[in-house]
Amino acid sequence: MAIDIKMPALSPTMEEGTLSKWVVKEGDTVTSGDILAEIETDKATMEVESIDEGVVGKIAIPEGTENVKVGTVIVQLLETGEKVNDLEKLQDKPINSSENYEQNQTAKKTIPSRDDLDEKRVSGSNVTHTEITVRDALRDAMAEEMRRDENVFIMGEEVAEYQGAYKVTRELLQEFGEKRVIDTPITEYGFAGIGVGAAMGGLKPIVEFMTFNFAMQAIDHIINSAAKTLYMSGGQMRCPIVFRGPNGAASRVGAQHSHDYTSWYANVPGLKVVAPYDAEDAKGLLKAAIRDPNPVVFLEHELLYGEIFQIPDVDDLIVPIGKAKVRRKGSDVTLVAHSRMVGRCLEAANLLINEGIDCEVVDLRTIRPLDSKTVIESVKKTNRLVCAEEGWGQSGIGAEIVSRVTKEAFDYLDAPPERVYQVDVPLPYAANLEALSLPGSSDIIKAAKKVCYKN
Amino acid sequence: MNKKNKKINPLKTTKDELLSLYKDMLLIRRFEEKAGQLYGMGQIAGFCHLYIGQEAVVVGTRASMIDGDQMITGYRDHGHMLACGMESRGVMAELTGRAGGYSRGKGGSMHMFSTEKHFYGGHGIVGAQVPIGAGLALSNKYKGNGNVSLAFFGDGASNQGQVYEAFNMAKLWSLPVVFVIENNQYAMGTSVIRSSAETELHKRGSSFEIKGIQVDGMNVLEVRDAAKKAIKHARDGKGPMILEMKTYRYRGHSMSDPAKYRTRDEVTKTRSERDPIDMVKNRLIVEEWATDDALKSIDKEIKLIVADAAEFAQTSPEPDASELYTDVLLDA
Ligand SMILES: Cc1ncc(C[n+]2csc(CCOP(=O)(O)OP(=O)(O)O)c2C)c(N)n1
Ligand SMILES: [Mg+2]
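First to last, the protein sequences are chains A and B.
One point on numbering: in this note's numbering, the residue at position 425 of the first sequence is 425, and numbering is uninterrupted.
One point on numbering: in this note's numbering, the residue at position 279 of the second sequence is 1279, and numbering is uninterrupted.
Check the hints yourself; a few may be wrong.
[What the hints assert, rightly or not] With a straight-line Cα cutoff of 25 Å, these simulated DSS-like cross-link-like pairs (lysine-lysine) come out: (1) K454(A) - K381(A); (2) K1143(B) - K1012(B); (3) K1269(B) - K25(A); (4) K323(A) - K381(A); (5) K381(A) - K446(A); (6) K1211(B) - K1228(B); (7) K179(A) - K1260(B); (8) K1238(B) - K1203(B); (9) K1260(B) - K1143(B); (10) K1260(B) - K167(A); (11) K1300(B) - K1281(B); (12) K21(A) - K58(A); (13) K1232(B) - K1012(B); (14) K1211(B) - K21(A); (15) K21(A) - K1260(B).
These are computed hints drawn from the structure, not numbers from a lab.
Produce the entire structure from the sequences given, and follow the hints as far as they go.
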């Protein structure tokens, strides 16, 4: 029986790719493991291997074809002696269990910046903008700071030769060499400690965690060694270090790889905690974090890495730590979020306007120190509050904000504040359960309507 | 001797044993190939780490274990579960995230367990399984049940600090545990030479007085013998041993690894010269324990099992929405 070889999905977020090269030709005999073709994704060039032995049948997709959907038949593998099937008859049925999966769909979309309010600093009409992914914005931030200060260096797993597990450190090794771009063994506790020591010794380390899930191995050094030493030394010791990496849920990677640690680090005095949403903030805040004389926990999001945003063409883009940003002005309800949930709030706001609810979206950007002033000013205007975050509810960021707002602006509230967060269970793997667990724009819409007493 | 004969493994075995080892390894190989295929079709998502190339390590070790001995490993775990006798249907359905999976779809590729088959996971944090494995051994010793725990981990994991904390306590307390290092030479894109000051990983227990053996992990009978020795040592109350299995993973680290850190030649060479399944196949033929036809029908039989598992995994329903809230805590 002939086997259809289909355009494979090579990562959870891949939807299509380029068939760059056929390594075999029709009629070739192959065995399991032989390379059939090369395909290009947004992240890498990959080889498609044969999954069985047989003879290469008709090649359905010629090399050089772009945007081949995952699941499209690219070639048939025949048993010896079998005839080539009529491929015309074969329907292109892309199979993707995650078709309805919110996260995948938006992974590459550019969030419209139409409603975004540019900061005054860069809103002057003569400032040009360039499109860039969050991934490259982060890379550029590190590269610029490494050029500026020779004491800045980066270390972590796969940051150098592999160019970063998520390609955030792409080309840094080539420019700065192995003295300043250091691959570590898989020993988070050890290299976080070495980073802290190097910072105390006068360097400015950037420690990358492949994901923040693995920083749990190292959290003792982040908190006990980095955050507390300035205080314990009566102000003598310095620890200028950035701990950075993707935080929170990616896509279908299960409970141990999908944890949002924002509120953990937010709880600790002696740390600064940053969680940007768009490329401009990612770059400007990372540069500020590297220059900051304190330990900074810099929480990125894997599902934002590939998103494209406009970034102003300015020489030294610095976004100050500790300032929230009103991303959309509105009069009816304040939506507060950070990191990827900001995008969800903007989506919700765009939909709610059709229902007569005008949302103001506040992007916290920095979690510690928390800019409650901006939030409170907004609530004083809208009189309604919804806090959204990806992590769990108990002791979450929303809990902190609601507490501050009710204390400072109690009399301004027209409704009890609402919160949106992850369902109170470890993140499940199954597609349907995962979708039920993670908060999305529909949850924000529901909460916003509730505080507006609309249904 | 001709070239083919030279490859023949001189270690003692029987027709029945070798055939059974062959089938067990082939099942893992075909299962993993199918899993790779289902991933490409979007039926499996997230991380999926295939065991292709390393089959002899778990099959040979399992052959020297007795019922009740526990196994624990990391996220590259499909082979271990099949070797423990877990059903391919249940494993595959967990990969697709369906109700018929071992964790009812809630764990995924990296997180499956079977108390019945004494398989303790399925762990996603590199190195975490090592002290847990030693803890299982503590429970054996405490209860005096005579069982041994086998903790599998990679060359990359062998650099985690908690591994050494576990080594120390395991030796100090003579815990019945065998540490099986699956040295497939790479941790993601980092080779052992680039990550380890001491690359002879079997020596990693020396400062704890733990004896280690280096084993050809592509040779299932050599694995079997080394495991027998280490397991006996542990069962006799003499404490832990380390087995460094020299092996190789043919596929990328996970599905989205472009594997630029090694040459295609290196992979092809290992496949053609050291393949654990081919090695056994050759011996079966030379010893005249199986004909070509017989081997073909074994292959067919296994393909049927795997096809059935794949069918089950794609038709089993998604878990019921109510499953979302179960299994967080037990009633006290
Ligand atoms: C504590 C921790 N750090 C990093 C990772 C990411 N990671 C997953 S597998 C892996 C490589 C492990 O290599 P090795 O131990 O050699 O096992 P192999 O994958 O070769 O089986 C890394 C770095 C992780 N899961 N846990
Ligand atoms: Mg390895």
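Given the hinted pair K454(A) and K381(A), is their Cα-Cα distance within 25 Å?
19 Å, holds
Mind checking the alpha carbons of K21(A) and K1260(B) for me, to see if they're no more than 25 Å apart?
17 Å, holds
Decide if the proposed pair is consistent with the structure: K179(A) and K1260(B), CA atoms, cutoff 25 Å inclusive.
22 Å, holds
Mind checking the alpha carbons of K1211(B) and K1228(B) for me, to see if they're no more than 25 Å apart?
The hint holds at about 14 Å.
Is the hinted pair K1232(B) and K1012(B) satisfied, with a Cα-Cα distance of at most 25 Å?
18 Å, holds
Compare the distance between the alpha carbons of K1300(B) and K1281(B) with 25 Å, and conclude whether the hinted pair is satisfied.
15 Å, holds
Is the Cα-Cα distance between K1238(B) and K1203(B) 25 Å or less?
18 Å, holds
Going straight from one Cα to the other, do K21(A) and K58(A) come out at no more than 25 Å?
Satisfied, since the Cα-Cα distance of roughly 15 Å is no more than 25 Å.
Within a Cα-Cα threshold of 25 Å, do K1260(B) and K167(A) meet the stated pairing?
13 Å, holds
Hint check: K381(A) vs K446(A), CA-CA at most 25 Å. Holds or violated?
21 Å, holds
Hey, K1260(B) versus K1143(B), does the alpha-carbon distance stay inside 25 Å?
With Cα atoms ~49 Å apart, K1260(B) and K1143(B) exceed 25 Å; violated.
With a cut-off of 25 Å on the C-alpha distance, tell me whether K323(A) and K381(A) pass.
It holds: about 19 Å lies between the C-alpha atoms, which stays within 25 Å.
Comparing the model with each numbered hint stated earlier shows that hints 2, 9, 14 do not hold.
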